[in-house]
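We have chain A already, so just place chain B on it with the hints.
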Amino acid sequence: EAGVTQFPSHSVIEKGQTVTLRCDPISGHDNLYWYRRVMGKEIKFLLHFVKESKQDESGMPNNRFLAERTGGTYSTLKVQPAELEDSGVYFCASSQVAGKSTDTQYFGPGTRLTVL
Amino acid sequence: GNSVTQMEGPVTLSEEAFLTINCTYTATGYPSLFWYVQYPGEGLQLLLKATKADDKGSNKGFEATYRKETTSFHLEKGSVQVSDSAVYFCALSPDNYGQNFVFGPGTRLSVLP
Numbered sequence: 018e019a020g021v022t023q024f025p026s027h028s029v030i031e032k033g034q035t036v037t038l039r040c041d042p043i044s045g046h047d048n049l050y051w052y053r054r055v056m057g058k059e060i061k062f063l064l065h066f067v068k069e070s071k072q073d074e075s076g077m078p079n080n081r082f083l084a085e086r087t088g089g090t091y092s093t094l095k096v097q098p099a100e101l102e103d104s105g106v107y108f109c110a111s112s113q114v115a116g117k118s119t120d121t122q123y124f125g126p127g128t129r130l131t132v133l
Numbered sequence: 162g163n164s165v166t167q168m169e170g171p172v173t174l175s176e177e178a179f180l181t182i183n184c185t186y187t188a189t190g191y192p193s194l195f196w197y198v199q200y201p202g203e204g205l206q207l208l209l210k211a212t213k214a215d216d217k218g219s220n221k222g223f224e225a226t227y228r229k230e231t232t233s234f235h236l237e238k239g240s241v242q243v244s245d246s247a248v249y250f251c252a253l254s255p256d257n258y259g260q261n262f263v264f265g266p267g268t269r270l271s272v273l274p
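So the sequences go chain by chain: A and B.
Using this note's numbering, you'd call the opening residue of the first sequence number 18 and step up by one each time.
Using this note's numbering, you'd call the opening residue of the second sequence number 162 and step up by one each time.
If you're looking for bench data, these hints aren't it; they were derived computationally from the structure.
Small disclaimer: the values here were computed from a predicted structure and weren't measured.
Ideal placement from N, C-alpha and C gives every residue a C-beta, glycine not left out.
A hint or two may mislead.
[Claimed, not checked] FRET-style restraints, in silico, Cβ to Cβ: (1) B:Gly222 with A:Arg129: 25 to 33 Å; (2) A:Gly76 with B:Leu207: 14 to 22 Å; (3) A:Asn79 with B:Ser164: 18 to 26 Å; (4) B:Ser240 with A:Glu85: 41 to 49 Å; (5) A:Gly76 with B:Gly190: 16 to 24 Å; (6) A:Glu102 with B:Glu203: 24 to 32 Å; (7) B:Glu177 with A:Thr35: 47 to 55 Å; (8) B:Gly239 with A:Leu101: 41 to 49 Å; (9) B:Ala178 with A:Lys71: 42 to 50 Å; (10) A:Gly33 with B:Glu177: 48 to 56 Å.
[Claimed, not checked] Output of the computed footprint for chain B on chain A, the stretches with three or more beta carbons under 8 Å from beta carbons of chain B: (11) 52-60; (12) 121-133.
Okay, chain B solo, but in the shape it has when bound:
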């Protein structure tokens, strides 16, 4: 079946620190991969996505590369800000019709000034 594993945190960093949130997946077929972010009091927002191997998704200084050989999609940012404090969810969309997302458990990030 399809599943997503990610570090659960919480992760606490100082402003301008480097961020990595690991995400690995198992899937039948060739899924698309996503990172969603939930800021306090808000809904899930798409942060970035990648649809095929070696694709790099990027947005707001965040990056993640679709690594088929290691079945990973790790999220990185070179210099975090206090405003990046949120819960980050890794997700996959199977390549079969129906596109029902499978989410990881979420990683809470707190960035301190």
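So here's chain A without its partners, still in its complex pose:
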């Protein structure tokens, strides 16, 4: 069974440009999460989809970030326009069962974003 995949693995862009990150969750997982780790600090929650609906987007830092999950399968996270402080590693995770705090989240390898 394929795990969570993310594309691209690395992205280097200039300040003010736009970048779109993609996440493909494990097939059949309704829950999809985005996290990011900035400057080697702790991994912080960004938002949570249940199927195509945003369950919780309280972690999104500002309106330059837009996440979508059309059709409830893969998700994209767009940063527009990118700023220097957006540099970091963006992780995606998925889990199978909604509403269970013990359900394990499976993580992708992350996308390393560098904004110059």
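Showing chain B alone in chain A's frame:
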């Protein structure tokens, strides 16, 4: 609110040494606790978890016990190997719906031959 504190390292050990990485948490309610590991060039992998007080999670020789009285979930391994070199993250999942993980800052472990 919910938070996780862990020793940030880096931690450098010789092969076969004993490993402890401390993790403490604050949480409202009754969270589940996790250790994730990130090997070089790879994503986060679940190492072990515990869902209630006094539960012991174990995997690949690593162990951690959910201690509610001390709000801790320290990771231990009796004899580390070079292949254990990685970054280790302690995390909690709140018991409310939504299960948004809260992570610690990560501890980088380097094991020397």
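Hints, one by one, checked against the model:
1. In this structure the hint that B:Gly222 and A:Arg129 lie 25 to 33 Å apart at CB holds, the actual value being about 30 Å.
2. In this structure the hint that A:Gly76 and B:Leu207 lie 14 to 22 Å apart at CB holds, the actual value being about 21 Å.
3. Distance hint check for A:Asn79 and B:Ser164: the Cβ-Cβ separation is about 22 Å, which falls inside the suggested range of 18 to 26 Å.
4. Between B:Ser240 and A:Glu85 the beta carbon distance is about 47 Å. The supplied range of 41 to 49 Å therefore holds.
5. As the Cβ distance of A:Gly76 to B:Gly190 is approximately 19 Å, the hint placing it in 16 to 24 Å holds.
6. Hint check: A:Glu102 to B:Glu203, Cβ distance near 26 Å, so the stated range 24 to 32 Å holds.
7. A C-beta distance of roughly 50 Å is found between B:Glu177 and A:Thr35, which places it inside the suggested range of 47 to 55 Å.
8. Separation of B:Gly239 from A:Leu101 is about 44 Å and conforms to the stated range, judged on CB atoms against 41 to 49 Å.
9. Under the hint 42 to 50 Å, the C-beta atoms of B:Ala178 and A:Lys71, about 46 Å apart, fit the expected range.
10. About 52 Å separates the C-beta atoms of A:Gly33 and B:Glu177, a value consistent with the hinted range of 48 to 56 Å.
11. Look at the stretch 52-60 of chain A against chain B: 6 of its residues bring a Cβ nearer than 8 Å to a Cβ of that chain, three or more, so the hint holds.
12. Check on the stretch 121-133 of chain A: 7 of its residues sit with their Cβ under 8 Å from a Cβ of chain B, so the three-residue criterion for coverage holds.
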